[in-house]
Amino acid sequence: MTVSPDLAAGCRNMLINCAALEAGDRVLIVQEDAALGWYDTEMAGAVAEMARDLGASVTTLVVQGPEVEAEALRVDEASADHDCIIYLARLGDMSRFEASTDGKTRVMS
Numbered sequence: 001m002t003v004s005p006d007l008a009a010g011c012r013n014m015l016i017n018c019a020a021l022e023a024g025d026r027v028l029i030v031q032e033d034a035a036l037g038w039y040d041t042e043m044a045g046a047v048a049e050m051a052r053d054l055g056a057s058v059t060t061l062v063v064q065g066p067e068v069e070a071e072a073l074r075v076d077e078a079s080a081d082h083d084c085i086i087y088l089a090r091l092g093d094m095s096r097f098e099a100s101t102d103g104k105t106r107v108m109s
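In terms of my numbering, the sequence shown opens at residue 1 and continues consecutively.
By construction, these hints were calculated from the structure, which means they are not laboratory data. Mixed in with the good hints, there may be bad ones.
As the list claims (entries may be wrong) - Subject to a maximum C-alpha distance of 16 Å in a straight line, what follows is the list of computed EDC-like cross-link-like pairs (lysine to aspartate or glutamate):
1. Lys104 <-> Glu69
2. Lys104 <-> Asp25
3. Lys104 <-> Asp76
4. Lys104 <-> Glu22
5. Lys104 <-> Glu67
6. Lys104 <-> Asp83
Build out the structure end to end from the sequences listed, making use of the hints.
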């Protein structure tokens with residue numbers, strides 16, 4: 001994937017300065033379905049690529065909007081095996097307060 005220099009710099013900033021990402025970390029990217037019109041797939045792809053370049057393992061979970069209650073449970077279950085959760089989804093506005101993600105780095109975008 002080829003990303004613009006500005007997008008790459010923004011992803012690097014998010015991962016290093018906001019998430020304090022280190023090589024070996026396990027990252028979950030919670031990506032809202034692009035068809036809903038809030039987030040596009042380019043951002044999630046760029047974040048995933050940069051995280052891998054920094055030595056992290058990456059899982060992407062595509063979710064629906066925050067009005068779908070079952071999505072919070074899916075995020076909770078998926079986050080169990082991850083050190084860091086990057087929310088590219090409106091769902092993160094609420095999920096970041098869940099006890100199941102305590103002790104994990106959480107980043108909203």
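To see whether the hints hold, each was checked on the structure:
1. Lys104 <-> Glu69: With a Cα-Cα distance of about 22 Å, the restraint between Lys104 and Glu69 is violated, given a limit of 16 Å.
2. Lys104 <-> Asp25: holds, 11 Å
3. Lys104 <-> Asp76: holds, 12 Å
4. Lys104 <-> Glu22: With a Cα-Cα distance of about 13 Å, the restraint between Lys104 and Glu22 holds, given a limit of 16 Å.
5. Lys104 <-> Glu67: Violated, at roughly 24 Å.
6. Lys104 <-> Asp83: OK: Lys104 and Asp83 at ~5 Å, within 16 Å.
Figure legend: structure checked against the earlier numbered hints; hints not met, in rising order: 1, 5.
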